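Chains as they are written, first to last, in the numbering used here: chain A, 765 to 1011; chain B, 1107 to 1489; chain C, 7 to 309.
Hints were generated in silico from the structure; no laboratory data involved. Small disclaimer: the values here were computed from a predicted structure and weren't measured. Warning: the hint list may mix true and false statements.
Stated by the list, open to error - Straight-line distance between alpha carbons at most 25 angstroms, and here's what the computed SDA-like set of lysine to any residue pairs gives:
hint	chain 1	residue 1	chain 2	residue 2
1	C	Lys132	B	Asn1172
2	A	Lys900	C	Thr167
3	C	Lys175	A	Gly994
4	A	Lys795	C	Asn261
5	A	Lys795	A	Pro898
6	C	Lys132	C	Gly168
7	A	Lys900	B	Gln1322
8	A	Lys851	B	Gln1401
9	B	Lys1133	C	Phe91
10	A	Lys851	C	Gly89
11	C	Lys133	B	Gln1322
12	A	Lys907	C	Glu300
13	C	Lys285	C	Glu254
14	C	Lys175	A	Asp926
15	B	Lys1397	B	Val1344
16	A	Lys988	C	Ala234
17	B	Lys1207	B	Asn1172
18	C	Lys285	A	Gly994
19	B	Lys1133	B	Gln1401
20	A	Lys842	A	Trp861
Stated by the list, open to error - Facing chain C, from chain A, some residues (calculated, C-beta under 10 angstroms):
hint	residue
21	Gly803
22	Gly806
23	Pro898
24	Lys900
25	Ala948
26	Glu965
Beta carbons are placed, not taken as given, at the ideal position from N, Cα and C, and that holds for glycine.
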Amino acid sequence: MREEHVIEAEGLTKMFGTFTAVDHITFDVKKGEIFGFLGANGAGKTTAMRMLCGLSKPTAGRATVAGCDIVREPERVKRNIGYMSQKFSLYEDLQVWENIRLFGGIYGVAEREMAQKTDDMLRRLGIYGEKNTPVKRLPLGWKQKLAFSVAIFHEPKVVFLDEPTGGVDPRARRQFWEMIYEAADRGITVFVTTHYMDEAEYCDRVSIMVDGRIDALDSPGGLKRQFGVGSMDEVFYKLAREAKRGE
Amino acid sequence: MRQRVKVQGGESAGRTGGKGVFAAFVKKEFRHVVRDKRTMLIVLAMPVVQIILFGFALSSEIRNVNVAVLAPHYDEQVRRIVERMDASEYFTVTGMLTSDKDVDMAFRDGSADMILAFGGGFDEVYTVEGTEIQLIADATNTNTATTMVMYATNIISNSLTDGQQEMKAGIVPDIRMLYNPQMKSSYGFVPGVMGLIIILICAMMTSVSIVREKEQGTMELLLVSPMRPIMIIISKMVPYLVLSFIDFLMIVLLSVTVLDVPMAGSFGALCVLALLYIIVALSLGLLISTKVESQMAAMLGSGMVLMVPSMFFSGMIFPVESMPLFFQWLSKILPPSWFITGVKKLMIEGLPAMYVAKETLILTVMAVVLIAASLKNFKYRLE
Amino acid sequence: MTEVSVREIFKSYGKVEALRGVSFEAERGELFGIIGPDGAGKSTLFRILTTLLVADSGSATVAGHDVVKEYNAIRACVGYMPGRFSLYQDLTVEENMEFFASVFGTTVEENYDLVADIYRQIEPFKKRKAGKLSGGMKQKLALSCAMIHRPRVLFLDEPTTGVDPVSRKEFWQMLGRLKEEGITIVVSTPYMDEASLCDRIALIMEGRFIGIDTPRGIVAQYGAPLYAVRADRRGGLLNDLRGMEELEACYAFGNEVHITAKQESAETERRVAEALAAKGYGDVEVRRIEPTVEDCFMKLSRR
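Modelling step: build the complete structure from the supplied sequences, incorporating the hints.
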């Protein structure tokens, strides 16, 4: 039996003029998988992710996300995904519940479920008492957990995380990853872009992009064996050192 | 282990601030300006655009007003007045109407902006019983209407006195517009545009460029360098001083050549006044930069707090004399109003330099106070 | 010889206490790392040491000068690289270098030998605007600019944040060479894995140092048996391990779980493996491991 693929990309390519930002990448991500999408600055991660989120049209190739074609049905793609980035996720000057309501509304969570779901979520996070606090007053670790909860509030099939845990303390980071594991166990597929190798170690499988191509794709353990090194850092170093672009 | 550390601290911990640093800083500042297309556009294009806009498009003076004449009898006196009207550069006589009913039509179809209506038997009895000439003007724009009626009145009364040497009855108004006999509005706005552009370039650009350094974090690096804070400020001001002086010269040149504004007084005195005003504006910008943290706030601060009041209360657009007392008083504390008055005296009225002593003194005091205030507020640490 | 000395520094912004009593000393030629998450107080400490902020209480000296009274002398002999990229983006690489050299009253040529190692790597792009450089090159340029006046002490605030692993590695190699020149370097980072590259480290959390030692010393202080566990499925593994009496702590660590036993026992590995097998996990692997700085940070911040 074929496993269910939530993301399928085939020869996905994006050119800006004569510059090939993403160069025929082919991969798929299984349901409930935590997929790490790695690459150096400028390797093409962001461009590839924009295409998968239906924000930018590929020059060539095809891809489906949550069963929807990213070229023909970008609006349906957007309804079935969640998105969180470290740079922007929540409105800092809005209160906690206002943020939840806003994003719930945007993603079409039914009005009558909203109040109940909001309370449940805040209790689960243990920040029910902070319901009326403006987000900017929350500690960074809480903010990240809240942002992730908001990104999966509408139970998307896939959630895209753009460098989610840079700079948080080790304890908060663990709590964050435990939330990601829980979501994955519930069947939500997690797609993480990052260039922090220790973040990569938490993923089920990782791909490493170099100069717009995917040069390696396996579990962290598999990659370490393949390159005969002890850490993802060294795997990355071996691959990215060859990069022509950027540096 | 190699030991090659040159000790720069201790006794010789000299603060840099010599000519070399200054030159390097000014060079760098010019690079910022030249490479930022928006800044260059503002600095170079704005004076030209403003002068041309004010000079031609927004001009409040009248030209080529279409006049229709309504006269029951086309006699000698009427003919003389109509001919004079037509001969003036302001009016063009476009038609003769024969009945009152045509008046409305003439305005509606746009063939006339003003109608000159003569009463019956004008030729005979223009003196005693008050045979009259009526001026009917389209007052959609009140300013234009007032001006054209005034011009027309002048022409009519001139032709009346010419025709009849002994003018016995009625007081003919004799309006003389000193210094600006043709009532050219360019005379009024050139000093205004100068005041505005200089404030804009100096205050807004200086404050934005200093705050930009705060925002991008380079101010931190400059503060951690041995460069004296005052040197940072002065070298930051120099390029804008140069640029706004160039703008000032551009405006003077354009005004004299394109708009025929006279350069009646001493050009040297005018330059000194402008330089003084530029320094006031620069220190205002500096003061703003010490108070705000973002480029946006600097922009709004200098734009809203400085530019708008400068436009409204310095007599550039509306005469200050007709404003409520509070605003008249407000205009007195705005540097542009003093500068504009000074420029008017020197450039248009051609008064000797000593007549702007008051303006010069007040601007000097303002400069000293502002520089002192901004130096006091300039932080040599981050808080 | 002590180049940087910090004693009981406190600093608050309104109600927020950024630093609550921080003390340390760094010797000449030492590479001292301050390691901790965002918001722990690292940047505030750097700004106090570079004379940009004044502490509420406590004292500090840099190169023998008091940070408050003799700020002029310090400004002449330290190099500083702030947390985010702080060079002129609209100036070229070369122009930035020249500018900062002259601000410090020197020239690029005069101290070229010191920065040559780093600068040579970006010199081919010297006509390029700084804003158009890649992350790694920006960081090299910023370091070159901070070094151009041959400072005695270098303060580098999170120089490797947002930079990819290849550039990070090169950057640390460069710091190693500068250290050999006798320059004292105080560097901060949120990455625990960079700790081992420093001579000594201070772990910072919520405005306090929770440990100061050599990286080895920190690891040696862990003082409890640590094991790595892996199994064929991840779901529920953490919770099942947390239910076990004899374990003190357990948390995810990459794709493994790290567990700390309450007591030293030769039986721990076997017992944990058996318990997991009994719950239906396959391919269970439990092995004793050396703690990393991250494990130590977890443990120290628990107190």
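We went through each hint and held it up to the structure:
Pair hint lysine 132 of chain C plus asparagine 1172 of chain B does not hold up; C-alpha atoms about 66 angstroms apart against a cutoff of 25 angstroms. Of the supplied pair hints, the one linking lysine 900 of chain A and threonine 167 of chain C holds, its CA atoms being roughly 22 angstroms apart against a limit of 25 angstroms. The hinted pair formed by lysine 175 of chain C and glycine 994 of chain A meets the criterion: a straight-line CA distance of about 16 angstroms does not exceed 25 angstroms. A distance of roughly 18 angstroms separates the Cα atoms of lysine 795 of chain A and asparagine 261 of chain C; the hinted pair therefore holds under the 25 angstroms criterion.
Using a Cα cut-off of 25 angstroms, the hinted pair lysine 795 of chain A and proline 898 of chain A is violated, with the two alpha carbons roughly 35 angstroms apart. This hinted pair checks out: lysine 132 of chain C and glycine 168 of chain C have alpha carbons roughly 22 angstroms apart, not beyond 25 angstroms. Restraint check: the Cα-Cα separation between lysine 900 of chain A and glutamine 1322 of chain B comes to about 22 angstroms, which is no more than 25 angstroms; the hinted pair holds. Proposed proximity of lysine 851 of chain A and glutamine 1401 of chain B is supported: the alpha carbons are some 21 angstroms apart, at most 25 angstroms.
Distance check on the hinted pair: lysine 1133 of chain B and phenylalanine 91 of chain C sit about 22 angstroms apart at the alpha-carbon level, within 25 angstroms; holds. The straight-line distance between the Cα atoms of lysine 851 of chain A and glycine 89 of chain C is roughly 16 angstroms, inside the 25 angstroms bound, and the hint therefore holds. Restraint check for lysine 133 of chain C and glutamine 1322 of chain B: the C-alpha separation of about 21 angstroms stays at or below 25 angstroms, so the hint holds. Our distance criterion of 25 angstroms between C-alpha atoms is met by lysine 907 of chain A and glutamate 300 of chain C, whose separation comes to about 22 angstroms.
With a C-alpha separation of about 20 angstroms, the suggested pair lysine 285 of chain C and glutamate 254 of chain C falls inside the 25 angstroms cut-off, and the hint holds. Between lysine 175 of chain C and aspartate 926 of chain A, the direct Cα distance comes to roughly 23 angstroms. Compliance with the 25 angstroms bound is thereby established for this hinted pair. For the given pair, lysine 1397 of chain B sits about 21 angstroms from valine 1344 of chain B by alpha-carbon distance, which is consistent with the 25 angstroms threshold. For the proposed pair lysine 988 of chain A and alanine 234 of chain C, the alpha carbon gap of about 17 angstroms is at most 25 angstroms, so the pair holds.
The straight-line distance between the Cα atoms of lysine 1207 of chain B and asparagine 1172 of chain B is roughly 18 angstroms, inside the 25 angstroms bound, and the hint therefore holds. Proposed proximity of lysine 285 of chain C and glycine 994 of chain A is contradicted: the alpha carbons are some 30 angstroms apart, above 25 angstroms. For the hint linking lysine 1133 of chain B to glutamine 1401 of chain B, the alpha-carbon distance of about 22 angstroms falls within 25 angstroms, and the restraint holds. A C-alpha spacing of about 23 angstroms is found between lysine 842 of chain A and tryptophan 861 of chain A, which places the hinted pair at or below 25 angstroms, so the restraint holds.
Given the 10 angstroms rule on beta carbons, the hint for glycine 803 of chain A holds: about 8 angstroms separates it from the nearest Cβ of chain C. Because the closest C-beta pair between glycine 806 of chain A and chain C is about 6 angstroms apart, less than 10 angstroms, the hint holds. The interface hint given for proline 898 of chain A is violated, since its Cβ lies 15 angstroms from the closest Cβ of chain C, which is over the 10 angstroms cut-off. Hint status for lysine 900 of chain A relative to chain C: violated, with the closest Cβ pair at about 12 angstroms, above 10 angstroms.
Interface restraint check for alanine 948 of chain A: the shortest CB-CB distance to chain C comes to about 8 angstroms, inside 10 angstroms, so the restraint holds. Interface restraint check: glutamate 965 of chain A against chain C, minimum CB-CB distance 3 angstroms, threshold 10 angstroms, status holds.
Of the numbered hints stated above, those contradicted by the structure are hints 1, 5, 18, 23 and 24, listed in ascending order.
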